[in-house]
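Asks: Sequence:
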Amino acid sequence: MIEDDKRATLVSYPPSEILDYTIEDLIEHSEDIDFYLPYQWSKVYRYDHKGSDGIGNPCPKDPLTIYWTADLSGGDERVTYKTTFGALLDDVFEGHELFIEGASVIGSSSVPLFVDIRDALQKEIDRLNVWIDNAKPEEKDDA
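With the numbering used here applied, the sequence shown corresponds to residues 1413 to 1555, in that order.
If you are wondering where the hints come from, they were derived from the structure by calculation, not from laboratory data.
Each hint should be verified, as a subset may be incorrect.
With a straight-line Cα cutoff of 25 Å, these simulated PhoX-like cross-link-like pairs (lysine-lysine) come out [what the hints assert, rightly or not]:
1) Lys1455 <-> Lys1548
2) Lys1473 <-> Lys1535
3) Lys1473 <-> Lys1455
4) Lys1548 <-> Lys1535
The following label-pair restraints were derived from C-beta to C-beta distances [to be verified]:
5) Glu1551 <-> Ile1518: 47 to 55 Å
6) Arg1539 <-> Ile1445: 21 to 29 Å
7) Phe1447 <-> Pro1470: 15 to 23 Å
8) Glu1551 <-> Phe1497: 15 to 23 Å
Where is the CB? At the ideal position from N, CA and C, for every residue including glycine.
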């Protein structure tokens, strides 16, 4: 079982036989593997999952928490891991960090990599802004 750390945490426990899966087994079941942002359930009133992560746990507070989930048993028994986008960025940073006493910086040769990441993130922010700016009122459910 994976230890809780900043890169991935097990959030739903699979049947024991799934713990023995290999990478090849996972690839074979790739159509049953999903990535999603569980925060999407936190504020949604029209779904039964409001306030949860979509699989019965409390919703993560970080909107950029990412779940990797796989249905490897053909039923509702899923294995789910989570990480955050911030943890992924930290991992990139740590791989390029210069070890200078009292400073936490990257080397200048790494700047193009971080500029590419920043520019890609800005494109996604621009997409979010379009969705927000073009939002329309929803019809109320009778529930």
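Asks: Indicate, hint by hint, whether the structure satisfies it.
Replies: To see whether the hints hold, each was checked on the structure:
1. Lys1455 <-> Lys1548: holds (16 Å)
2. Lys1473 <-> Lys1535: holds (24 Å)
3. Lys1473 <-> Lys1455: holds (11 Å)
4. Lys1548 <-> Lys1535: holds (22 Å)
5. Glu1551 <-> Ile1518: 47 to 55 Å: Hint holds: Cβ distance 49 Å, inside 47 to 55 Å.
6. Arg1539 <-> Ile1445: 21 to 29 Å: Roughly 24 Å apart at Cβ, these two residues keep to the hinted range, so it holds.
7. Phe1447 <-> Pro1470: 15 to 23 Å: holds (20 Å)
8. Glu1551 <-> Phe1497: 15 to 23 Å: Cβ of Glu1551 to Cβ of Phe1497: about 33 Å, so the range 15 to 23 Å is violated.
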